[in-house]
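Chemist: Protein chains in written order, with this note's numbering: chain V, 1 to 493; chain P, 494 to 986.
Bear in mind the hints are in silico, worked out from the structure with no lab data behind them.
Misleading hints may appear alongside valid ones.
Derived pair list, reagent style EDC-like, types lysine to aspartate or glutamate, alpha-carbon separation capped at 20 Å [unchecked claim]: (1) V:122 with P:572; (2) P:502 with V:103; (3) V:38 with P:518; (4) V:38 with P:522; (5) P:689 with P:713.
Number of protein chains: 2
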Amino acid sequence: MSKKQKTFKPKARTPRGFGDRLGSEITDERDMLLRISKIYESYGFDPLETSAFEYTDALGKFLPDVDRPNQGVFSLTDDDEQWMSLRYDLTAPLARFVAQNYDALPKPFRRYAFGPVWRNEKPGPGRFRQFTQCDADSIGAPAPHADVECCMMLSEAIVAAGVSKDNFQIRINDRNVLSGLLESIGIEEGGDQTQKLGVLRAMDKLDRLGVNGVTQLLGEGRKDESGAYTEGAKLSDSQIGRVMNFMAASADTNGQTCDQLSNLIGSSPSGEKGVSALSEMARQLTALGMSDSHIKIDLSVVRGLEYYTGPVFEAEILSDLKDAKGRPVQIGSVASGGRYDDLIKRFKGIEVPAVGISVGVSRLLTVLSLLSQSQNQAHGPVVILALDPERMQDYHAMARELRDHNIRAEVYLGGSGMRAQMKYADKRAAPLTIIQGGDELEKGEVTLKDLILGAKLSKEIEDNTEWREGQPAQFSVPRAQLVASVKEVLARH
Amino acid sequence: MSKKQKTFKPKARTPRGFGDRLGSEITDERDMLLRISKIYESYGFDPLETSAFEYTDALGKFLPDVDRPNQGVFSLTDDDEQWMSLRYDLTAPLARFVAQNYDALPKPFRRYAFGPVWRNEKPGPGRFRQFTQCDADSIGAPAPHADVECCMMLSEAIVAAGVSKDNFQIRINDRNVLSGLLESIGIEEGGDQTQKLGVLRAMDKLDRLGVNGVTQLLGEGRKDESGAYTEGAKLSDSQIGRVMNFMAASADTNGQTCDQLSNLIGSSPSGEKGVSALSEMARQLTALGMSDSHIKIDLSVVRGLEYYTGPVFEAEILSDLKDAKGRPVQIGSVASGGRYDDLIKRFKGIEVPAVGISVGVSRLLTVLSLLSQSQNQAHGPVVILALDPERMQDYHAMARELRDHNIRAEVYLGGSGMRAQMKYADKRAAPLTIIQGGDELEKGEVTLKDLILGAKLSKEIEDNTEWREGQPAQFSVPRAQLVASVKEVLARH
Numbered sequence: 001m002s003k004k005q006k007t008f009k010p011k012a013r014t015p016r017g018f019g020d021r022l023g024s025e026i027t028d029e030r031d032m033l034l035r036i037s038k039i040y041e042s043y044g045f046d047p048l049e050t051s052a053f054e055y056t057d058a059l060g061k062f063l064p065d066v067d068r069p070n071q072g073v074f075s076l077t078d079d080d081e082q083w084m085s086l087r088y089d090l091t092a093p094l095a096r097f098v099a100q101n102y103d104a105l106p107k108p109f110r111r112y113a114f115g116p117v118w119r120n121e122k123p124g125p126g127r128f129r130q131f132t133q134c135d136a137d138s139i140g141a142p143a144p145h146a147d148v149e150c151c152m153m154l155s156e157a158i159v160a161a162g163v164s165k166d167n168f169q170i171r172i173n174d175r176n177v178l179s180g181l182l183e184s185i186g187i188e189e190g191g192d193q194t195q196k197l198g199v200l201r202a203m204d205k206l207d208r209l210g211v212n213g214v215t216q217l218l219g220e221g222r223k224d225e226s227g228a229y230t231e232g233a234k235l236s237d238s239q240i241g242r243v244m245n246f247m248a249a250s251a252d253t254n255g256q257t258c259d260q261l262s263n264l265i266g267s268s269p270s271g272e273k274g275v276s277a278l279s280e281m282a283r284q285l286t287a288l289g290m291s292d293s294h295i296k297i298d299l300s301v302v303r304g305l306e307y308y309t310g311p312v313f314e315a316e317i318l319s320d321l322k323d324a325k326g327r328p329v330q331i332g333s334v335a336s337g338g339r340y341d342d343l344i345k346r347f348k349g350i351e352v353p354a355v356g357i358s359v360g361v362s363r364l365l366t367v368l369s370l371l372s373q374s375q376n377q378a379h380g381p382v383v384i385l386a387l388d389p390e391r392m393q394d395y396h397a398m399a400r401e402l403r404d405h406n407i408r409a410e411v412y413l414g415g416s417g418m419r420a421q422m423k424y425a426d427k428r429a430a431p432l433t434i435i436q437g438g439d440e441l442e443k444g445e446v447t448l449k450d451l452i453l454g455a456k457l458s459k460e461i462e463d464n465t466e467w468r469e470g471q472p473a474q475f476s477v478p479r480a481q482l483v484a485s486v487k488e489v490l491a492r493h
Numbered sequence: 494m495s496k497k498q499k500t501f502k503p504k505a506r507t508p509r510g511f512g513d514r515l516g517s518e519i520t521d522e523r524d525m526l527l528r529i530s531k532i533y534e535s536y537g538f539d540p541l542e543t544s545a546f547e548y549t550d551a552l553g554k555f556l557p558d559v560d561r562p563n564q565g566v567f568s569l570t571d572d573d574e575q576w577m578s579l580r581y582d583l584t585a586p587l588a589r590f591v592a593q594n595y596d597a598l599p600k601p602f603r604r605y606a607f608g609p610v611w612r613n614e615k616p617g618p619g620r621f622r623q624f625t626q627c628d629a630d631s632i633g634a635p636a637p638h639a640d641v642e643c644c645m646m647l648s649e650a651i652v653a654a655g656v657s658k659d660n661f662q663i664r665i666n667d668r669n670v671l672s673g674l675l676e677s678i679g680i681e682e683g684g685d686q687t688q689k690l691g692v693l694r695a696m697d698k699l700d701r702l703g704v705n706g707v708t709q710l711l712g713e714g715r716k717d718e719s720g721a722y723t724e725g726a727k728l729s730d731s732q733i734g735r736v737m738n739f740m741a742a743s744a745d746t747n748g749q750t751c752d753q754l755s756n757l758i759g760s761s762p763s764g765e766k767g768v769s770a771l772s773e774m775a776r777q778l779t780a781l782g783m784s785d786s787h788i789k790i791d792l793s794v795v796r797g798l799e800y801y802t803g804p805v806f807e808a809e810i811l812s813d814l815k816d817a818k819g820r821p822v823q824i825g826s827v828a829s830g831g832r833y834d835d836l837i838k839r840f841k842g843i844e845v846p847a848v849g850i851s852v853g854v855s856r857l858l859t860v861l862s863l864l865s866q867s868q869n870q871a872h873g874p875v876v877i878l879a880l881d882p883e884r885m886q887d888y889h890a891m892a893r894e895l896r897d898h899n900i901r902a903e904v905y906l907g908g909s910g911m912r913a914q915m916k917y918a919d920k921r922a923a924p925l926t927i928i929q930g931g932d933e934l935e936k937g938e939v940t941l942k943d944l945i946l947g948a949k950l951s952k953e954i955e956d957n958t959e960w961r962e963g964q965p966a967q968f969s970v971p972r973a974q975l976v977a978s979v980k981e982v983l984a985r986h
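Kindly produce the complete structure, drawing on both the sequences and the hints.
Modeler: What follows is the structure, encoded as structure tokens:
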């Protein structure tokens with residue numbers, strides 16, 4: 001065994017852009033996904049799970065944000081030299097699945113899915129190369145009924161996740177309305193893509209830059225506070241005027257917005273199609289009891305234009321979010337979706353109508369934690385100290401009793417002494433420890449140590465504030481009262 | 494848009510060895526994993542989630558079955574030329590995580606994890622290259638306390654999954670006992686690996702080949718029924734005798750087994766260590782109320798010897814499993830585990846005690862479906878026909894009412910006629926459909942069509958058996974009684 005010197009010792013680290021998650025980070029997400037799934041299931045959507053890999057040619061490159069830098073997928077070749085890629089979303093595998101099983105599937109086919117997706121992008125702070133998506137899609141259902149259902153269901157899913165209905169808004173637009181605008185100012189479908197994307201990207205920034213900033217970006221260009229210059233879309237003044245009029249057409253009621261849109265872009269074929277789709281969606285949503293303020297036509301909603309073919313939607317949080325220190329937090333949309341009638345055509349050659357929604361899982365979780373601002377750290381398990389290695393079975397029996405009453409409990413198994421065991425209990429965020437040494441055993445008792453109260457009391461002593469009587473942080477009870485007493489301590493907090 | 498002719502049309506197919514799963518296949522697994530997780534959590538284990546990728550050097554190659562052909566991992570290079578691999582199990586990432594966060598973690602550190610793992614192996618029937626694992630591990634706890642806890646917890650987890658306690662057995666052995674046997678017959682640690690593996694592989698086949706087959710495999714070799722010849726381990730007759738005596742030492746009680754083991758291999762240092770670990774485990778398990786027949790020392794349990802360093806365990810189903818046609822089904826162990834004190838040493842240079850269990854998720858699901866032999870197909874949602882496109886909101890309102898009473902319901906959104914809608918409901922396995930055409934609307938009624946009873950009745954007519962009176966398959970009720978009547982129909986089945 002003289003291998004010591006040449007043994008390679010790897011460095012323990014996660015690959016760039018990949019992370020580990022522990023404890024409530026995982027269970028909070030899991031709980032949220034289950035609540036959302038329950039809504040999807042109640043609407044008749046069934047779960048579908050595809051594997052991480054797809055053949056690269058079948059997966060295609062339909063990333064919604066085609067203009068994002070460093071876009072990409074993780075790919076490798078299989079033994080037989082075929083290229084495989086990790087899925088970058090849940091929609092492309094769905095398109096492959098539907099095309100593969102088209103004849104056997106009920107049509108419309110409704111499915112939901114959640115799971116990890118991978119993007120081979122440059123990692124950054126808060127920007128991971130693996131993240132969770134949660135989607136629901138209707139395949140084979142034409143507009144606008146399935147689109148309306150998606151909006152309703154999305155609203156319900158976000159409520160189920162824990163955001164109250166008056167705290168968010170679903171904003172809808174239509175890809176054809178945007179095409180109609182472009183047509184009406186002389187930018188045709190299939191024409192100059194750079195200018196087209198420039199216009200849409202400028203519109204997308206109305207929230208952030210206001211009317212002046214967007215006007216500059218539609219024209220020659222804009223220098224921001226840092227001095228960085230962004231080239232503009234080079235529209236003429238009259239074109240800019242029409243775009244700004246279009247954006248200003250978002251009115252208080254969806255009906256008014258549609259009326260104004262008809263006047264502005266109704267004369268272009270795409271525009272007419274888009275306005276009529278939005279009108280019909282608005283009419284149905286009203287009939288279903290959805291208020292115009294909850295699901296609102298918003299003409300600045302752009303989303304991935306290359307991907308969607310009809311209505312598009314996104315969900316925005318309305319309340320001002322603040323972190324624990326009271327500083328404002330900017331969160332983008334927590335969910336989005338839209339109609340993509342072309343995606344399955346790649347395989348089938350025929351157009352298959354499709355519409356879906358996708359919840360931004362990590363963003364929604366961030367919102368939930370900011371909204372609750374809960375300082376309540378989740379407790380760890382009750383820790384039973386193991387003071388006498390000969391009496392492990394007694395400690396295990398205590399743990400068993402507690403578990404039988406739905407109390408998380410563990411026996412310390414590390415083999416260190418009393419002090420280390422108490423430190424361990426602190427690190428585990430244990431609400432209390434249970435001690436039974438020789439003295440307690442003789443008297444038929446156990447000692448309970450309330451760690452939360454204990455921490456409070458020592459702080460009060462430190463702070464020199466009034467000493468509270470009544471609830472002692474440490475006390476002994478007869479062994480038979482273990483469960484009842486643990487419950488009492490847990491009920492304190 | 495004259496791209497038509499040159500458009501590439503990919504074939505929709507899953508990569509070799511990867512599959513899709515739909516509906517109850519997913520929800521059954523999800524439910525089982527949640528039930529098992531709840532047990533792990535009750536023991537104080539916290540969830541940990543690592544990403545799919547690890548750096549290849551950090552991951553290492555610690556596949557338990559090192560002697561399996563085509564073993565391998567999926568690997569690729571990152572932008573910065575570093576090799577990354579998809580995890581092949583959940584233990585190697587755990588070792589990396591612990592090494593990376595060693596000082597900050599409570600010790601012992603208990604975690605559970607479930608999720609997909611990937612093996613770059615030759616796919617075959619029922620052999621996938623992506624599958625789910627569900628693990629729990631204690632890091633930093635020396636034997637045998639944590640090993641005992643793992644066995645107890647594994648027993649509880651399998652019960653929680655749905656197998657009754659008398660229907661399975663946990664079999665334990667110890668790596669040192671096996672080393673002791675090898676030492677006692679003159680095969681030393683670090684000696685001839687081929688012979689050593691040959692002996693262990695032969696022992697592993699006692700169940701299948703019986704005493705004669707194993708004796709041949711320990712000696713010169715064995716020709717099976719197909720005529721294929723397997724080279725033997727070339728032991729001498731006296732060595733073979735000692736191995737066979739060793740295997741026969743598995744007695745009815747764990748105490749007897751340990752006594753016999755002491756005589757057989759207690760004189761070798763490894764053997765003594767192993768016997769003493771097994772004895773102490775057996776003693777503690779008895780003290781904790783576990784019967785010797787439920788957790789039993791079984792000297793033919795081998796498992797991956799390169800990987801484990803102390804106790805090893807596996808869970809076996811006891812009842813004869815049969816498929817729906819009554820044919821016997823062979824399932825291997827549904828869970829396994831053991832102590833692996835060396836795995837974190839790679840990173841840290843110091844030995845860190847570790848023990849864990851891993852549930853064979855798909856095997857256990859197979860066992861559960863074979864045990865229940867349930868012919869009950871899960872129902873789909875209630876389907877509300879959409880006969881009049883102008884009245885979608887009425888249909889949606891019905892769906893809403895049903896969902897508010899926890900009944901899965903969907904409106905048909907496909908745009909086809911009555912006949913296609915009924916076919917759709919059949920394909921969805923809908924228990925019933927709801928119809929409100931013009932006539933019903935005028936009378937303020939809805940028609941319910943019980944598809945399960947309807948199918949039964951048409952079969953009875955076909956079979957020319959007695960016509961059942963009483964429950965009609967189709968009937969109308971006042972609109973206000975929709976929910977109550979749907980509940981009645983659902984209660985029939």
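Chemist: For each hint, tell me whether it holds in the structure or not.
Modeler: For each hint, the structure was consulted:
1. V:122 with P:572: Between residue 122 of chain V and residue 572 of chain P the Cα gap is close to 9 Å, so the pair holds against 20 Å.
2. P:502 with V:103: Judged against 20 Å, a Cα distance of about 18 Å means the pair holds.
3. V:38 with P:518: holds (16 Å)
4. V:38 with P:522: The given pair, whose Cα atoms are some 16 Å apart, holds under the 20 Å limit.
5. P:689 with P:713: Within the cut-off at roughly 15 Å; holds.
The structure is consistent with each of the numbered hints, conforming to all of them.
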